[in-house]
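Participant: Position 56 (the sequence shown) corresponds to 40 in our numbering; numbering is contiguous.
Heads up, some of the hints might be wrong.
Restricting the straight-line Cα-Cα distance to at most 25 Å, the calculated cross-link-like pairs of lysine-lysine (BS3-like) are [said to hold, decoys possible]:
{"no.": "1", "residue 1": "Lys317", "residue 2": "Lys27"}
{"no.": "2", "residue 1": "Lys317", "residue 2": "Lys191"}
{"no.": "3", "residue 1": "Lys210", "residue 2": "Lys172"}
{"no.": "4", "residue 1": "Lys172", "residue 2": "Lys17"}
{"no.": "5", "residue 1": "Lys233", "residue 2": "Lys208"}
{"no.": "6", "residue 1": "Lys17", "residue 2": "Lys191"}
{"no.": "7", "residue 1": "Lys210", "residue 2": "Lys279"}
{"no.": "8", "residue 1": "Lys87", "residue 2": "Lys138"}
{"no.": "9", "residue 1": "Lys37", "residue 2": "Lys27"}
{"no.": "10", "residue 1": "Lys138", "residue 2": "Lys317"}
{"no.": "11", "residue 1": "Lys317", "residue 2": "Lys179"}
{"no.": "12", "residue 1": "Lys28", "residue 2": "Lys174"}
{"no.": "13", "residue 1": "Lys111", "residue 2": "Lys37"}
{"no.": "14", "residue 1": "Lys17", "residue 2": "Lys28"}
{"no.": "15", "residue 1": "Lys317", "residue 2": "Lys174"}
{"no.": "16", "residue 1": "Lys138", "residue 2": "Lys191"}
{"no.": "17", "residue 1": "Lys317", "residue 2": "Lys17"}
{"no.": "18", "residue 1": "Lys107", "residue 2": "Lys36"}
{"no.": "19", "residue 1": "Lys17", "residue 2": "Lys87"}
{"no.": "20", "residue 1": "Lys17", "residue 2": "Lys27"}
Between beta-carbon pairs, the in silico distance windows are [what the hints assert, rightly or not]:
{"no.": "21", "residue 1": "Glu296", "residue 2": "Arg246", "range": "43 to 53 Å"}
{"no.": "22", "residue 1": "Cys1", "residue 2": "Phe284", "range": "31 to 41 Å"}
{"no.": "23", "residue 1": "Lys279", "residue 2": "Thr100", "range": "44 to 54 Å"}
{"no.": "24", "residue 1": "Asp269", "residue 2": "Phe31", "range": "31 to 41 Å"}
FYI, nobody ran anything at the bench for these hints, they're computed from the structure. Backbone N, C-alpha and C define an ideal beta-carbon position, used for all residues, glycine too.
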Amino acid sequence: MILKSSGETKLATIEYCHHMVREILEEPSALRKTISEEEGNIKKVAFEIEAKKYDIVYITGSGTSYHAGLASQYALSSLTDLIVSTIPASEFQRWIPAVVTRKALLMAISQSGESTDVVNAAKAALKRGIDLLAVTNTSESTLASLANYVISPKSGREIAVPATKTYVTQLMAIFMLSLEIAALREQKSKIDNVKRELYNVPQAIEKIFKSSRENIREAAEKYKDKNPMFILGSGPNYATALEAALKLKETCMVFAEGFAAREFLHGPIRLVDEKTLMILISPSDEVEEYADLSKRFKGFGANVISILEETEGSRPLMEASDGFISIPAGFSKIFSPILFIVPIQLFTYYVSVFRGLNPDNPEKLVKVVK
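Produce the entire structure from the sequences given, and follow the hints as far as they go.
Facilitator: In C-alpha cells form, the structure reads like this:
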C-alpha cells in the first residue's frame, strides 16, 4: 500500500502485498532449483540433440517467452556451431516453408505450455518434419505432450500476470542446455569454468536485492510519471530491452519501447524530450558508447537511468547518467540478460504501485493467451 507522511510518498510493507514482487524475490531459489533438479535431464537432452546433428535450430515463443528465445539464440549461436533463428510463434507458419529440406529442431518456449500460438507453431513444425523441444514450466501441458524432448524449468507456480521468475528460469535452463551441447563439442574443462560462472547467478541476484533495491524504489518514485520510456540494449540485451518495455507497458500503462542501442538513432530519437525516460543497459565493454548516448539524450531534456556493472570502468556512464543501478561484475555477456532484467523487473513493480495500479492483474491481460 502507499502511505503519505510529512508530504513524502512512502511505500510501507508492500513487499509481500503483491504476487509480482514476491515472485521476483523468489528468483534466486527458483534458479537454484532449476539447476539442481533439471541438470540431469538437460544433459540427457543435450546428448540426444547433439546425436541428431541438426542443421538448424528454430526458436519460437510469444511475449516474454519470445524474448527468452532471442536471448537464447545469442547463447546457442555463441557457444555452439548451431545456426539459430528466432521467430514469434504467431508468425512461425508464415516464415517457415511448407517443405523443410534441412534437419531442423524447433525449440518452443511457453510458461504454461498451453499458449495457442506456441502450440500451433509446434504442430506446424511437426507437420513439416521438424523435431520439437518444449521448454515449459508445465511438464504435463499440451506442448510437452507433442514434444520429442522436454525441458522443465523449476520456477514454481507464477500467479501474477506479468512473467518474472518464469523468464529467468527459462533463460537458465536454455543457457544450461547451450553449455552442455558446447561441452560435447569442445574441451569439457573450458566449459566447466563457464558453467561455474552461470551457476553463481542466483547469488549475484541476491546481491542486487541487497544493494540496489532501495535505489530502485527511489528511482521508481522519482520517474513514475515519465512517458514515454525507451530502453536500449545491445547483443543479448537487445532481448532484455524488449522484455523491459513489455513489462513497463503491461504493468505500468506506460508507452515503452525497447531498441537495439544504435538503431534508436535511426528515427526514434526524434521522440526524445523532457518527458522521456531513457533506460540504458550497459555491459562493461559498452560503457563509452552508452556514456556518449546518455549525454546526447540529456541534451534533448530526457532523464537517463543506466544499468551497469559494478566496476571502476563504468564510471564514465555513471557520471553521464541521472542515476544508475549496478549489478555484480565478472559475468559473461552471454549470461548477462538474467542479471540485467532483475533491476528492471523491480523498477517496473514499484512504478506500477506508485502509479496506483495493480501489478498482479493488469486490465485486458490474461496469464495464458488462447
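Participant: Quick one, are Lys172 and Lys17 close enough, alpha carbons at most 25 Å?
Facilitator: Holds, at about 23 Å.
Participant: Assess, step by step, whether the Cα of Lys317 is no farther than 25 Å from the Cα of Lys179, and give holds or violated.
Facilitator: holds, 13 Å
Participant: Keeping to a limit of 25 Å between CA atoms, is the pair of Lys37 and Lys27 held or broken?
Facilitator: Holds, because 16 Å separates the two Cα atoms, which is no more than 25 Å.
Participant: Between the beta carbons of Asp269 and Phe31, is the distance compatible with 31 to 41 Å?
Facilitator: Holds, since Asp269 and Phe31 (Cβ atoms, about 34 Å apart) stay within the stated range.
Participant: Mind checking the alpha carbons of Lys210 and Lys279 for me, to see if they're no more than 25 Å apart?
Facilitator: holds, 18 Å
Participant: For the pair supplied as a hint, Lys233 and Lys208, confirm whether the alpha-carbon distance does not exceed 25 Å.
Facilitator: Satisfied, since the Cα-Cα distance of roughly 13 Å is no more than 25 Å.
Participant: Are the Cα positions of Lys17 and Lys28 separated by 25 Å at most?
Facilitator: holds, 18 Å
Participant: Take the C-alpha atoms of Lys317 and Lys174, compute the straight-line distance between them, and say whether it is at most 25 Å.
Facilitator: It holds: about 16 Å lies between the C-alpha atoms, which stays within 25 Å.
Participant: Could you grab the alpha-carbon distance between Lys17 and Lys27 and see if it respects the 25 Å cut-off?
Facilitator: holds, 16 Å
Participant: Given the hinted pair Lys138 and Lys191, is their Cα-Cα distance within 25 Å?
Facilitator: Holds: Lys138 and Lys191 sit about 21 Å apart, inside 25 Å.
Participant: Against the 25 Å threshold, does the CA-CA distance of Lys28 and Lys174 hold or violate the hint?
Facilitator: Distance ~20 Å between Lys28 and Lys174 Cα, so the pair holds.
Participant: Tell me if the beta carbons of Glu296 and Arg246 are separated by a distance inside 43 to 53 Å.
Facilitator: violated, 25 Å
Hint compliance for this structure: hints 3, 8, 19 and 21 are not met, and every other hint is.
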